[in-house]
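J.: Those protein sequences? They're chains F and C, same order as listed. Going by the numbering used here, the first residue of the first sequence is number 278, and it counts up by one from there. Going by the numbering used here, the first residue of the second sequence is number 399, and it counts up by one from there.
Derived from the structure by calculation, the hints contain no laboratory data. Possibly wrong hints are sitting among the right ones.
[Said to hold, decoys possible] What the simulated footprint calls covered on chain F by chain C, stretch by stretch (three residues with Cβ under 8 Å from a Cβ of chain C suffice, anywhere in the stretch; the number is not a length): (1) 321 to 327; (2) 330 to 344; (3) 352 to 361.
[Said to hold, decoys possible] Pair by pair, the computed Cβ-Cβ distance ranges are: (4) Asn556/C with Asp343/F: 45 to 51 Å; (5) Pro415/C with His321/F: 36 to 42 Å; (6) Pro415/C with Ala353/F: 29 to 35 Å; (7) Asp324/F with Ile405/C: 49 to 55 Å; (8) Ala353/F with Ser444/C: 51 to 57 Å; (9) Phe306/F with Arg457/C: 53 to 59 Å; (10) Gly294/F with Leu413/C: 54 to 60 Å; (11) Ser510/C with Phe342/F: 25 to 31 Å; (12) Leu515/C with Tyr317/F: 24 to 30 Å; (13) Glu305/F with Ser547/C: 24 to 30 Å; (14) Met303/F with Leu413/C: 46 to 52 Å; (15) Met303/F with Ser472/C: 44 to 50 Å; (16) Phe550/C with Phe342/F: 37 to 43 Å.
Every residue, glycine too, gets a C-beta built ideally from N, C-alpha and C.
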Amino acid sequence: MSKRDLVGVISLLILVGFLGLGAASMREFGVVDRAYMDDYIISHSQDEVGANNAVTSVVFDYRGFDTLGEATVLFAAVVGVIVIFRREVHE
Amino acid sequence: MSEMSKIVRSISNLLLPFILIYGFYIILHGHLTPGGGFQGGAVVASGLIMVLVAYGSERFASWVKEKHLSILESVGALGFISLAFLGLSTAFFYNFLAGKGGLFGDIPPEGSNPGALNTAGTLPLMNLAVGLKVIAGLASIVLVMGLASHYFRQEEKNDT
Numbered sequence: 278m279s280k281r282d283l284v285g286v287i288s289l290l291i292l293v294g295f296l297g298l299g300a301a302s303m304r305e306f307g308v309v310d311r312a313y314m315d316d317y318i319i320s321h322s323q324d325e326v327g328a329n330n331a332v333t334s335v336v337f338d339y340r341g342f343d344t345l346g347e348a349t350v351l352f353a354a355v356v357g358v359i360v361i362f363r364r365e366v367h368e
Numbered sequence: 399m400s401e402m403s404k405i406v407r408s409i410s411n412l413l414l415p416f417i418l419i420y421g422f423y424i425i426l427h428g429h430l431t432p433g434g435g436f437q438g439g440a441v442v443a444s445g446l447i448m449v450l451v452a453y454g455s456e457r458f459a460s461w462v463k464e465k466h467l468s469i470l471e472s473v474g475a476l477g478f479i480s481l482a483f484l485g486l487s488t489a490f491f492y493n494f495l496a497g498k499g500g501l502f503g504d505i506p507p508e509g510s511n512p513g514a515l516n517t518a519g520t521l522p523l524m525n526l527a528v529g530l531k532v533i534a535g536l537a538s539i540v541l542v543m544g545l546a547s548h549y550f551r552q553e554e555k556n557d558t
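Just chain F, same shape as in the assembly:
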C-alpha cells in the first residue's frame, strides 16, 4: 500500500466517522427542536409584513437578499446563454 492510498483511506475513515456521528446524534424523526425562527415567522409574518403567505414574506422581506441573489443568478444565466449563442461576425 503506497503513501497515497494510506492518506486516502485515512481521510475516507474520518469522513465516514463524522457522517456516522452526525447520523447517530440526529434528532428523532418528527421531533422539532430549535424552531424559534419558524415560530417567530409563523406568529409575526401577518402583523409585521401583512402577508397571508408566510413563505412569500420570508422570501421577499425577511430574506430579501436571497431573492436579490436569485435574480442576479437568473441575469447571469441569460448573459451566459447570449454570450455562448451570439453570432460570430465573419470578416
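Dock chain C against chain F, hints included.
T.: Quick look at chain C alone, frame taken from chain F:
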C-alpha cells in the same frame, strides 16, 4: 425552428390568453396564495415559449423584439433594487409600505382569513418586478437559442 402545423398554431393561439392570465394571477397574488414572482413569471414565459415553438423563432422574433425584452428585464431589476433601497431609512429590504394604510398597507386579521389584495406592503410590487424579470429572462434565453439554431443551420447550408 420552422413553424409547426396549422392545428398546433390554432391551439396555441387559443391557449395563450389563459396561460398569460393564470401566470399574472400567480404573480399578483404572490402574497396571498402559493407562488410568486418566479413561479408566475415561469408560467407566463412558458406561454410565450409555446407561441415561439408553434410559430418558429424567426416569426416570434418579428413580434417580440430584443428591445421589449430588454426593457422588461431592466424595469424588473431596477424596480426590485429601488424598492429595496427605498426602505434604506430603516434597513436594506425594509418593508416601508406594510401597515401604513396606503398602497398595499392593510394588515390582515390574525390566523386564517380569505385574504385581501391590498396587504403586504412592498411584497406585491417586488413580486411584479421579479415576475417581469423572469418573463424577460426565460423568454430571451429560449429566443436566443432558437435564433442561433436557425442561423447555424443556414450557415451549414451555405457551406455545403
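J.: Closer than 8 Å, Cβ to Cβ, for at least three residues: run that test on the region 352 to 361 of chain F against chain C and report holds or violated.
T.: It holds: at least three residues are needed, and the region 352 to 361 of chain F offers 5 whose Cβ sits within less than 8 Å of chain C.
J.: So does Phe306/F sit 53 to 59 Å from Arg457/C, Cβ to Cβ?
T.: 55 Å, holds
J.: The hint says 24 to 30 Å between Glu305/F and Ser547/C; measuring C-beta to C-beta, is that right?
T.: Roughly 54 Å apart at Cβ, these two residues miss the hinted range, so it is violated.
J.: When you take the CB atoms of Asp324/F and Ile405/C, is the distance between them in 49 to 55 Å?
T.: The hinted range 49 to 55 Å holds for Asp324/F and Ile405/C, with Cβ atoms some 53 Å apart.
J.: With 46 to 52 Å as the target window, see if Met303/F and Leu413/C comply at their CB atoms.
T.: 47 Å, holds
J.: State whether the coverage of the region 330 to 344 of chain F by chain C holds or is violated, taking the criterion as 3 or more residues with Cβ-Cβ distances under 8 Å.
T.: Satisfied; 10 residues make the cut.
J.: Measuring from beta carbon to beta carbon, are Asn556/C and Asp343/F in 45 to 51 Å?
T.: Given range 45 to 51 Å: holds, Cβ gap about 47 Å.
J.: Tell me if the beta carbons of Leu515/C and Tyr317/F are separated by a distance inside 24 to 30 Å.
T.: For Tyr317/F against Leu515/C, whose Cβ atoms are near 26 Å apart, the range 24 to 30 Å holds.
J.: Indicate whether the distance between the beta carbons of Ala353/F and Ser444/C respects the range 51 to 57 Å.
T.: 21 Å, violated
J.: Within the region 321 to 327 of chain F, is the number of residues with a Cβ closer than 8 Å to a Cβ of chain C three or more?
T.: holds (count 5)
J.: With 37 to 43 Å as the target window, see if Phe550/C and Phe342/F comply at their CB atoms.
T.: 40 Å, holds
J.: Could you check the hint for me, namely that Met303/F and Ser472/C are 44 to 50 Å apart, CB to CB?
T.: 47 Å, holds
The structure does not agree with the numbered hints 8 and 13 stated previously, though it agrees with the rest.
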